[in-house]
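Visitor: What follows is each chain in one-letter form.
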Amino acid sequence: MKFVELTMPLNYRGMPDEVLPTSVRFFLGPKNHQEKGMVIGSDSGTCLMLPSVFEAFRKTVRLDQVPLDKLVLRSASVLAIAKAEAEEITKFDVQKALEAARPANGDAILIATSWGDMPHGESYVFRSPHLTLEAAQYLAPRMKENQNDLLLIDTALLGRPDKHLLPEWSSFLPLPAAESAEARMYLHLYDSEKAKKDFAVELEFAEAGIMMVRKLVHCGEIKKDKIKLIVSPLKVVRGVASTCRVVALED
Amino acid sequence: MRLIDLTMPIWEGAGYGEILPFTNSPVQLREYMYYDRHGMRMTRMKLDGETGSPFMVPHQRNPFDPTPLQPNPKFSWLLDEIPLEKLILRETTILDIRVPEAHEITPDEMEAAIKKADYRKGDEVLIRTGWGTRERAYELGIDYYKRTPSIHFDAAALLAKKMDEMGSALFMTDCGLVNPPRVQGNNWFRGDTPLVPHPKPWPSAEARERVIDLGAHRHGSPQPSSYGALIRKAMAGCKCLIDCDQISTNRVKMIVLPLLIKKGGASPCRFIAVEE
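If you read the protein sequences in the order shown, they are chains B and V.
Numbers given in the numbering used here equal positions in the first sequence, counted from 1, plus 241.
Numbers given in the numbering used here equal positions in the second sequence, counted from 1, plus 1064.
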């Protein structure tokens, strides 16, 4: 059996995904530091987002309630959809990949674009490939129908929050840091109407009851189109999202 | 195949983050995006390497201090260096040692459990007292760690020797603390001069004063460390597992996945038992 590590390491010297006001800076403090321990965001590094992240689905399952067989040694189909910087994953791409992979009932679905195999520079988030809303509207109901309620992807973004978050935040020059005063002020003015537009793709999957994992790495090392996956988030009581470890198993 | 979650949950105010002066700090969960304002929830989590059910390598203080907890440890992998083969579907023997609360496992009890177990070369080791449960952790708070069973130094030394002979790398237990509370909490919550009321951990004034008194971040007991004996011979020490009585057999396969922290030495971890 071959194991493939699909997890982005949590690096206290800096993470490529800490560029938006919605992110938290991963911090590791030595034992004699006032802040001894670690600070981590619910979407730091490779992360699992449950539908209950969104208010509309807050009555659905939480991190400490997810049945283990949804996350551990789960069969998965790999959809190879190679994409370059900033490219869209379209409905046509998804249709074609689904036809080729033919996920079994109950499989998780892993979309491998190769973005997670690239060096993670400043463009990791801002230039990430992403699903179009049309692709999500096509994929989500099919996944629901086929009980494929776990979607994994090796991009920084699932959908592109380009209605408000990206253009507005990018207009700050120089770009402020995550958790900065500017980030707090931005979030203070950011509201649910803006979030609905920015996270429309994620909401499509959440509505279909699909759990989402982003920021996988090294998916290029997976050689088979049928694998098993282990997704291991923190077991946070009533939590809705968490950094996680993801490992692929190939027979 | 049956999957069993042996992981202590993470929640704000959890006893493991409140009981000791240095080794673990309080869990703090702060929402910074809210359902009512943003239509979605995002959380900033302040954790520690020993939050929940921890996974701790001998060089636990990494990346800031490469000194191992004990000199000359058998293993020296950091969190991001451990091969996945050493963490996933590991054959594990269960050492059943049924003891009441606050009991210190003795060398005789350890020896008897080893003899009785189906312990094979290369096995990982899970010490099961049956005491550690999620319900008990929720109910008892910090008392969970005051009343937990633990391992006497001589029993730990005996097990460490056996693990070395058998080529075992992972030590796991459902005890809340490996060191006896009288050792780990000496003159903090146990000993001749426990602090009353119970102080907050580091960076509280009391914890800082303790550093002044002891000269370092030590448990301050004259007794030797049971955990120290074990970690010299283990790839990682893992404590505070729960609900191990759900495992119906004396052998199991374990999936053990700590966070992938670059050059890290300790992390909250998930522990999943797989019964065929």
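Hints are computed from structural coordinates only; laboratory data are not their basis.
Accuracy of the hints is not assured; some may be wrong.
[Stated by the list, open to error] Facing chain B, from chain V, some residues (calculated, C-beta under 7 Å): (1) 1109; (2) 1150; (3) 1230; (4) 1231; (5) 1323.
[To be verified] Footprint (simulated), chain B over chain V, 3 or more residues, beta carbon under 8 Å: (6) 1237-1247; (7) 1329-1337.
Don't be surprised by glycine CBs; every beta carbon is placed ideally from N, CA and C.
Visitor: Please go over all the hints and tell whether each is borne out by the structure.
Guide: Here is what the structure says about each hint:
For the restraint placing residue 1109 (chain V) at the interface with chain B, the shortest Cβ-Cβ distance is roughly 5 Å, inside the 7 Å limit, so the hint holds. Hint status for residue 1150 (chain V) relative to chain B: violated, with the closest Cβ pair at about 10 Å, above 7 Å. With a cut of 7 Å, the hint placing residue 1230 (chain V) at the interface with chain B is violated, because the nearest CB-to-CB distance is about 23 Å. Interface restraint check: residue 1231 (chain V) against chain B, minimum CB-CB distance 20 Å, threshold 7 Å, status violated.
Hint status for residue 1323 (chain V): holds, given a least beta-carbon distance of 6 Å to chain B, under 7 Å. With a cut-off of 8 Å between beta carbons, the stretch 1237-1247 of chain V has 0 residues touching chain B; three or more are needed, and the interface restraint is violated. Only residues whose C-beta sits within less than 8 Å of a C-beta in chain B count toward coverage, and the stretch 1329-1337 of chain V has 3 of them, enough to reach three; the restraint holds.
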